[in-house]
Amino acid sequence: MSVSYALTLIAKGDDEIVVTRTFNAPRQMVFDAHTKPELLRRWFGVRNGWTFVICDVDLRVGGSYCYRWRHEAKGMDLQFRGVYREIAAPDGFVCTEIFEEPFHAGEAVNTYSFVEENGETTLTISTRYPSREVRDMAAKSGMETGLNESYLLLDGLLV
Amino acid sequence: MVMHTPSQLDATFAAIADPTRRAILARLAEGEASVNELAAPFAMSQPAISKHLKVLELAGLISRGRDAQKRPCRLEAQPLADASKWLDAYREFWEASFQNLDVLLDEMKKGRNPK
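So the sequences go chain by chain: H and B.
Note that my numbering numbers the first sequence so that position 86 is 74, with each residue one more than the last.
Basically my numbering = 1-based index in the second sequence + 5.
Hints may be right or wrong, so weigh each one.
Distance windows between CB atoms, simulated [stated by the list, open to error]: (1) H:Val41 x B:Ser50: 51 to 61 angstroms; (2) B:Leu63 x H:Asp46: 40 to 50 angstroms; (3) B:Glu97 x H:Ile42: 15 to 25 angstroms; (4) H:Gly37 x B:Ser68: 36 to 46 angstroms.
Read the hints as simulated data drawn from the structure, not as lab findings.
Yeah, the Cβ is synthetic: ideal placement off N, Cα and C, and Gly gets one too.
Please put together the full structure from these sequences, using the hints given.
Quick look at the structure:
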């Protein structure tokens, strides 16, 4: 039985999302799991019917990565790719992220940092988003979430 | 990850980062209210409340009535629902992924230290 720690997710400022999670494993191992395709294929984004169809990683500054998932039942693909800007194994890396159809096109910058303490590793992922045109996305999302539920959720998420 | 937030979401998050503005939104969830009614529970002047209302209005989270005297405020639900849904999907992606990763890391540790 593996240990699972809680995830924290915070919307910071007006353009940043920060995810933090601790793992019961040494830093090099957690770093490898985020940068080696044969390991990524076994966990990253694989859930609820989504499976990998492309998982390419060229881990060097200026090298690119591409992930593509497919959901057979929904007949949908999801893809993102980007370029590594900085790599300092096993402390962390910085990469751009270009998110493609069916979502809005654009580029974000992700900073991954891995900190080990007492044999456990805390990962922090900061994603900085560009400013976006106002309307495009709102039009794409038909939302039904109950309002009170939204408040509770947002209250919990925001600092 | 992964999903790009459009500037409507940016504006929403910026607007609700403030606890007073969240309290105002919670009050408006019960029904429309005038500036005076909104100011009452806070130790704040009416102009200070009006400033918060302006931010909320610019972010599209509330609208103001035409009545020049009262200009009642009312909640616009859609942007908040969008923000919530977006964060929900984001969180779900990471939670599910990291639970897989916990299992994988355990396997990797066992492989490294065979017993």
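Consistency of beta-carbon spacing, Ile42 of chain H to Glu97 of chain B, with hint 15 to 25 angstroms: holds (22 angstroms)
Gly37 of chain H paired with Ser68 of chain B, Cβ distance criterion 36 to 46 angstroms: At roughly 40 angstroms between Cβ atoms, Ser68 of chain B and Gly37 of chain H fall inside 36 to 46 angstroms, so the hint holds.
Assessment of proposed distance window 51 to 61 angstroms (beta carbons of Val41 of chain H, Ser50 of chain B): The hint (51 to 61 angstroms, Cβ to Cβ) holds, given that Val41 of chain H and Ser50 of chain B are roughly 59 angstroms apart.
40 to 50 angstroms as the expected CB spacing between Asp46 of chain H and Leu63 of chain B, which holds or is violated: Roughly 43 angstroms apart at Cβ, these two residues keep to the hinted range, so it holds.
Comparing the model with each numbered hint stated earlier shows that all of them hold.
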